[in-house]
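Residue numbers (my numbering), protein chains in the order written: chain Y, 28 to 747; chain U, 28 to 747.
Check before you lean on any hint, since a few could be wrong.
The list treats identical chains as one, so a pair stands whether inside a single copy or across any two.
PhoX-like, lysine-lysine: derived pairs with alpha carbons at most 20 Å apart [unchecked claim]:
id : residue 1 : residue 2
1  : Lys451    : Lys263
2  : Lys418    : Lys204
3  : Lys734    : Lys699
4  : Lys576    : Lys668
5  : Lys734    : Lys498
Hint data in this document are derived by calculation from the structure and do not stem from the laboratory.
Residue strings, one per chain:
2 protein chains.
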Amino acid sequence: MVANLDKIMKPKSIAVIGASTKEHTIGSDIMKRLQEYKFNGNIYPVNPKGGIIEGLQAYTNVLEIPGEVDLAIIVVNAKFVLDTIDQCHEKGIKGLCIITAGFKETGKEGAEAEKQLLAKVKEYGMRCVGPNCLGVVNTLPEVRMDGCFAESLPERGHIGFVSQSGALGGGILNILKDLNLGFAQFISIGNQADVNAETAIEYWENEKDVEQILLYMESIQNPANFRELATRVTKKKPILALKAGRSAAGASAASSHTGSLAGADKAAAALLKQSGVIREFSLENLFATAKVFANCPIPKGDRVAIITNSGGPGIMATDAVCEYGMQMAKITDETKEKLRSFLPSAASVKNPIDMIASAPIEHYKQTLETVIADENVDMIICIYLPFLGLKDIDVAKALMEIKAANPQKPVIGVFMTTSEFFAKLSDMDVNMPFFMYSEQAADGLNRLNQQRLWMERPEGKIPCYDVDRAKVESIIKGALKEDRAQLTTLESIDVLQAYGIRACKYGLATNEEEVVNLGNSIGYPVVMKMTSKTTSHKTDVGGVVVNIKSEEQLRKEYKGLLSRLEEKGLLEGLEGVIIQEMVKGSREMVCGIATDPQYGPMMMFGLGGVFVEVMKDVTFRIAPLTDVDASEMIKSVKAYKLLEGARGTTPAQMDQIQETLLRLSQLVSDYKFIDELDINPLLISEATGEGIAVDGRIKVRMEEARKALGCAESCACGCC
Amino acid sequence: MVANLDKIMKPKSIAVIGASTKEHTIGSDIMKRLQEYKFNGNIYPVNPKGGIIEGLQAYTNVLEIPGEVDLAIIVVNAKFVLDTIDQCHEKGIKGLCIITAGFKETGKEGAEAEKQLLAKVKEYGMRCVGPNCLGVVNTLPEVRMDGCFAESLPERGHIGFVSQSGALGGGILNILKDLNLGFAQFISIGNQADVNAETAIEYWENEKDVEQILLYMESIQNPANFRELATRVTKKKPILALKAGRSAAGASAASSHTGSLAGADKAAAALLKQSGVIREFSLENLFATAKVFANCPIPKGDRVAIITNSGGPGIMATDAVCEYGMQMAKITDETKEKLRSFLPSAASVKNPIDMIASAPIEHYKQTLETVIADENVDMIICIYLPFLGLKDIDVAKALMEIKAANPQKPVIGVFMTTSEFFAKLSDMDVNMPFFMYSEQAADGLNRLNQQRLWMERPEGKIPCYDVDRAKVESIIKGALKEDRAQLTTLESIDVLQAYGIRACKYGLATNEEEVVNLGNSIGYPVVMKMTSKTTSHKTDVGGVVVNIKSEEQLRKEYKGLLSRLEEKGLLEGLEGVIIQEMVKGSREMVCGIATDPQYGPMMMFGLGGVFVEVMKDVTFRIAPLTDVDASEMIKSVKAYKLLEGARGTTPAQMDQIQETLLRLSQLVSDYKFIDELDINPLLISEATGEGIAVDGRIKVRMEEARKALGCAESCACGCC
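Chain Y on its own, in the form it takes in the complex (with noise of 0.2 Å):
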């Protein structure tokens, strides 16, 4: 079913349930603004005790309107709000929007309210937006619904915001207001009971009044379902998101904020990130963002031509422009021609183009529309610093023109002058952004460059090998069995084969005569590697000995690692030894899996070996993976330099570590109740470039691996 929200958000009537005539309540304010906003259908006011609230005659219950209600604004008493939905059924209504708080929000008896109330709503086959929310908004000018107790009345314009947090929500339209940031719908979804990010973004996705989206979240509530939607909706149109509690301790705030269990912030960037969502981390630069997709179309490409009358600036924006790894376009010769002809000599026509201080108007006009016309351009900074008798107000107006009549590029001013001039701005229509500093358009353009890279990207597949499952499953009710939850390094290498992972030739030996056998048939040099279940971590114990040459230095290494165990009294739990294919190659990379409790299993890649933990050069994503994610994977940490074959080495083969890493992916999808998974190192061979998984170490989640498996938990006869 797709979310239609249309009774809540366009409806025809509107019942104010609890509305009142005491000033500075919720009951009395949106009754205000519903009729300030010139809400374009009937408000029915909802008050026990009658009478007249803002003029209009006032129901002592829902079910004495005498018209039909889309929506029920509901703002009474938290004890009142499940018998109030009862009689919003009876009457008929669909669309409910609920401000009061006293639920989840509150604890466990309030979340146990909040429980029913969405049986109820669920029963009753309405939308619920809330409860504990600041309400909704709509300015298409057939609707004209202010459903909502913020300072301001809304804007009109075609962004649709929604927010997890009511009050800074409020605290948001309010700023919007004042930047002149005009929106078409705005959704607080409070505690989120039934309507939530999700909702908006799918409602939203063939709204044309909607023509991006912002989010604030503090969590995102079904990542699978957020990542499908937003990854498809954000090839139409951009979702910009200011994702909260990033920090251990900004998201302690945010769990006891809203109830809602903060996922880490790592895999929520890594969802964001695969989804297409822009993500930005402070609300000044949400709506900075905001303002350029509303003013801006997506370009062509990444080459920024900067115009200026002063040289700061100019190398400020430059400066900015590289950061952020745009290309300064390369003025034509032709445009450069062309420039000189109007220009004073002292100007200079390279990019960025200076035309200096007592550069006038029609130079402003001139030059942009010069710029503008460039093929070799593709956005365009245009920098004013006030010189004598020139008025900036003036200078954005000519600058405006040209854009209205060259609409195809990007073009943000940059006005370095006072307040002043921007409180004008807010006053008028303008068609391209203005920014006080450089940064600020360079980070706009860097956002816009952002969504044309996205929305050129291939969609990507997410692939389905053909895989072992049978043995897979033998070898984990093996451990199960047991009851390990680690597997043992040659499982879990069994286990890694079985989905067609390039590891290493072994064999298992568990006597100094098999030792030697595996070893000559395996042919020199070999590792050694002690497999045991009570020791994971083997080279804290000397358990690994590599470049064995003989059958002699392998029967001594294996008689060393025997004592040194023993030593320790470690020798108990030892399996045997692994006597394994010795993979030359200095590359080490690391990937595997650790599972957010939120979102899921996430995979990681990256450089391996000692260095995981000091370098961190790793990156992160949520599974299942599509083949283009596991190529961006590759591609994203700064190890890539290694693979491509720094220093003379062999270059990695690209395809085949992709592929490792997709059928990871498809191994924890299809086994969920794998808790940890690591290969390290995927060593890349000298010899062939291939990455080789030279160990590796699973772990599961027993009690969940037994219900997928369908191993009784008491089950010991080996039935399993």
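Assemble chain U onto chain Y, guided by the hints.
Leaving out everything else, chain U in the frame of chain Y:
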């Protein structure tokens, strides 16, 4: 001589040479500004036509002025400037501010004129601001000089501001006015023929009226002098700098703009850091930080308390505080109890302290007062979101009242309200900074904390070790004699050892018997390394063989090397092989020196081996290093964790590594002609934790070296 700019910055009388009656010219504007701002002294317009200018009698020549003149502001055409200076000298004027453009920035001819200008200034014992500048301002009531042509009149305050860009300087003055950020003195240094940023810093060092210094720079003229001055002054008052021209493209724009060579950004970054200068990357941040320093004391620690009436911004502030590495203050039980006594039960008295949306002004006052008194709290962010019936400006006034009674700790207000609020504030006297967003407040606190840490940081000493200079000089002379800029590995290691740097035991052998003898005397295992005058990247030709365990193996490897080189035609340049003690260790660091053309020798330290270029985990400082610099370098790289002894390795001898850096610093300070020096790897011995130079490469600038060491270029007789 201590910089004294009193004649320019605190003149008792000013001649405006080139004063004009023509509207919108600099000669007219300067006259207007001086009078509008009520300059506290005599103003003498000078114009060859005489007449009345801005109501004052104009003199046709500066010599006609009846009284004494301290400062001449010169706005005449460039071709008259030199003569004007002569006349000023004749008149006995000691201070010049040359606004006129047309000098160094226009090319060779202009540069020549500027040279002559400077020669006159020096000869006459004058000080001169400019040419090609915007002017000078001093807002001190006893002076009241607005000697520049920015759009708006100055705002009184305690910032000293230097701008290298004239137009930008004007823009900034407008913005400062707009932000209600007053300043004490402003110097537009323009082409900085005489007075530059360093002069201003020195002049302001003991100027009480200047409490913080702001710099806009595109280049640093004399890095060593800047470093010495700034290091001293930043211990007394903060210096904030925006250094533009960071990107290659930006730097090229900077160099065409100001006619000065822009230094590489890495060197500038190191210099500013070592000097305790707070570097900002945008004007927006520069002003925000200035606002914070203007209204906050330096805190005693980094523990931050957050007070809010809304959860969301509290979480965002927490995120930002933690991301800056500051601590969330642990509120004492006593404070919590006090807070609970008046806050509602739904409030949270843990940090962030959430008074909930309905908090009245009284709660803001009581909460702030209580939290300021908490001994666990060093700094405070106080957040306000609009709530029904509460006026933002009233809340701000209440907070400032509490702050006035408790000035000892920094308090920053975050008011997520409209720009009208900030406009109101700018007409008031404020005693704490207010921002719109949480992140800005956290950013401000972080800067305060940075200044605290710098002021607490020990000054550090540049040690002087007893070294063998004669040996170094003889080695380098030997190379020069052979016309080599690049020392051989052997020579390089000898140089390091002469400076007391721990390098591994070694010897040079040129035939098989020597090789074997050396191996036997050093003791196995050894490393064999080719040393060649033609091949510098030894690993690329298999020129390094490690872990040679016996005489037999050594013979074999030596023969192998010779045949490999022969095959590649590289046998010619082979000097021999170094047989070297094999230092066992897995941790490879790198240290070395690069020379920046403007900043001189720059030291590098970080993770070595094949990772240097891939991971770029390195840090830079300008030589010479103090002990504190060296210690900070070591701690600032990620690989520091490896040095501490990650995963069971031997902890490195930090003191010894620090000494290695300091000895290197002494080496390049003694021999400034050393162009490049690399120790890669500086291997951390697993046995002792020492950092041991296992390989070394040194390159000199031959011409300079010959000059410094007294070798004639033509010398081929072996005299040197």
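Comparing the hints with the structure gives:
1. Within a single copy, Lys451 and Lys263 get their C-alpha atoms no closer than 33 Å, and across copies no closer than 42 Å, so neither meets the 20 Å cut-off.
2. With identical chains, the CA atoms of Lys418 and Lys204 are at most 20 Å apart between copies only, with a shortest distance of 18 Å across copies and 25 Å within one.
3. Only within a single protomer do Lys734 and Lys699 lie at most 20 Å apart by alpha-carbon distance; the minimum there is 11 Å, versus 72 Å between protomers.
4. When the C-alpha separation of Lys576 and Lys668 is checked against a cutoff of 20 Å, the pair qualifies neither within a copy, at 32 Å, nor between copies, at 34 Å.
5. In this assembly of identical chains, Lys734 and Lys498 lie within 20 Å of each other by CA distance solely inside one copy; the values are 18 Å within and 76 Å between copies.
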